[in-house]
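Asker: Residues per chain, in single letters:
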Amino acid sequence: MNDAERAVLDLRAMDELESMDSPLHRLSPLSKFTVTAVYIALTASFGRYDLTGLLFMVIFPLIGYQLAMIPVRTCFSRLKGVLPLVAAVGVLNPFFDRNVLFRIGGIAVTGGVVSMLTLMMKGVFCLMASFLLMATTAVDELCRDLRKLHFPKMLASLILLTFRYTSVLTDEVAAMTQAYSLRAPGQKGIHISVWGTFLGQLLLRTMDRADDLYDAMVLRGFNGEFHYAGGRKSSRWSWPAAALSCAAIVAARLVNVPALLGSLFI
Amino acid sequence: MIGFENVGYAYPGGSPVLDGITFEVSDGEKVGLVGANGAGKSTLLKCVPGLLEASGIITVSGLRVSRENIAEIRRKVGFVLQDPDNQMFMPKVIDDMIFGPVNYGSTREEAEEQADSVLRGLGIPHLRDRYNHRISGGEKRMAAIATVLAMRPDVMLMDEPSSSLDPRNRRALINTLSGLDKTMIIASHDLDMILDLCPRVILLDHGTLIADGETAGILRDRELLESHGLELPLSLSGQKGI
Chain A
1 MNDAERAVLD
11 LRAMDELESM
21 DSPLHRLSPL
31 SKFTVTAVYI
41 ALTASFGRYD
51 LTGLLFMVIF
61 PLIGYQLAMI
71 PVRTCFSRLK
81 GVLPLVAAVG
91 VLNPFFDRNV
101 LFRIGGIAVT
111 GGVVSMLTLM
121 MKGVFCLMAS
131 FLLMATTAVD
141 ELCRDLRKLH
151 FPKMLASLIL
161 LTFRYTSVLT
171 DEVAAMTQAY
181 SLRAPGQKGI
191 HISVWGTFLG
201 QLLLRTMDRA
211 DDLYDAMVLR
221 GFNGEFHYAG
231 GRKSSRWSWP
241 AAALSCAAIV
251 AARLVNVPAL
261 LGSLFI
Chain B
1 MIGFENVGYA
11 YPGGSPVLDG
21 ITFEVSDGEK
31 VGLVGANGAG
41 KSTLLKCVPG
51 LLEASGIITV
61 SGLRVSRENI
71 AEIRRKVGFV
81 LQDPDNQMFM
91 PKVIDDMIFG
101 PVNYGSTREE
111 AEEQADSVLR
121 GLGIPHLRDR
131 YNHRISGGEK
141 RMAAIATVLA
151 MRPDVMLMDE
161 PSSSLDPRNR
171 RALINTLSGL
181 DKTMIIASHD
191 LDMILDLCPR
201 VILLDHGTLI
211 ADGETAGILR
221 DRELLESHGL
231 ELPLSLSGQK
241 GI
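So the protein lines, in turn, are chains A and B. At position 200 of the first sequence (counting the first as 1) the number is 200 in my numbering, and the numbers step up by one without a gap. At position 39 of the second sequence (counting the first as 1) the number is 39 in my numbering, and the numbers step up by one without a gap.
Same shape as in the complex, but just chain A:
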């Protein structure tokens, strides 16, 4: 199985996760979106040396994964391609910021090391939260709820079509790479000499498919608006739960919980 085929399976696996039933899946898409946005904004707002305060923020996605009945390792295995990039952010900080902040035993810990760790953790936590939202919320349900709030229909359609066309694109890439690998035994990946042709063909094929999809839409009266069947009924606890979660996240941002707990014992 090549990478493109694996990507197709990954996309389908996301649909499997979305269609599970758990307390978190039953919350309204918009309430989950709001909590995730608040979480990401506040996590990103921590100062570069505020490592201990930031550490506590991991508790929210962890609770989320428990409620959604999705193992945290699913997130890490699916995002293994992106995580090194996130981890690479701030990797040069130790070279620029050599100011010693504290010592552990005899080892000096510089501001650069702390800010590097802070940046890495921010990235990982935000990814964990975003993945949790994607794994528990269908894009179409989210777009439907956004439209109820008078979110521009053009943007809602754009989000939905981008999501649907991702699968069209990956399907085409999978078919083409499979056809290539069958006639290029022993070769790893696509040889650089055919990248141009490959991309050109891919563009033409996806345009053809997109044309057919669009024809199917206009034949059924498409006027820029997508309509959905009733779908999953959202829990009436959605917004109270969202309000409670947001309050807890704000509190965790304002109060350095690990430092507070530490002060009780030291």
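Worth flagging that the hints you see were computed from the coordinates, not collected in a lab. The structure presented is a predicted model; accordingly, all values stated were derived computationally and were not measured. Keep in mind that a hint or two might mislead.
Claimed, not checked - Distance ranges between label pairs, derived from CB positions: (1) Gly38(B) <-> Arg236(A): 56 to 62 angstroms; (2) Ser164(B) <-> Met69(A): 35 to 41 angstroms; (3) Pro23(A) <-> Asn37(B): 51 to 57 angstroms; (4) Gly123(B) <-> Met20(A): 26 to 32 angstroms; (5) Glu68(B) <-> Trp239(A): 45 to 51 angstroms; (6) Ser235(B) <-> Ser22(A): 51 to 57 angstroms; (7) Arg130(B) <-> Ser235(A): 19 to 25 angstroms.
No residue lacks a Cβ here, since even glycine has one placed at the ideal position from N, Cα and C.
Dock chain B against chain A, hints included.
Answerer: Structure of chain B alone, referenced to chain A:
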């Protein structure tokens, strides 16, 4: 009724794909459209709901296919595309089924009721809430037909409806289509299906109408079929051709 009068079409910069096509299809008639690859079958079907702008005159229930009438015509005409993957663009079967009716003014509840009744009629109510990408090829084909039937079209145009179906699903499709009381034009290479479903057949070759008549007569004419890139249907190949 659908009328074609001197219909022609050429893709931009290309030679004519359709030339001087003239025939009529009466209400409730089921007509097969046959011909070798490149004969112009799909192109002709695409001209009816105005996906391609043909020369000549095409009318559907007295309305001429033109920019002004296109919305009304598309409401009357259901088109089942060759590839059900392209027909089904929404996440779930039910979402796809209500898409057309809601766009044409039904409430969501009415559209869902209508969709449920179509699914029951086709014997596939279990597909209602399934994700499109998780159903089999045969189920997808039936669901694609269901999405079109949910719009209650007067006319159904079908492009290769039996392609990629296994024998059992193909038979189920034939039974379903034969039970539908609608005007149909079915473009297909599956001559046995055409023989089963359509009392009348039209033979195209290189964009021109070669023969138009009773299916049993045309599809038994080995010489005619072979001279236009076709063969006798399998069910007739054991019998002696004309």
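Asker: Hint by hint, which ones does this structure get wrong, listed from lowest number up?
Answerer: Structure breaks no hint.
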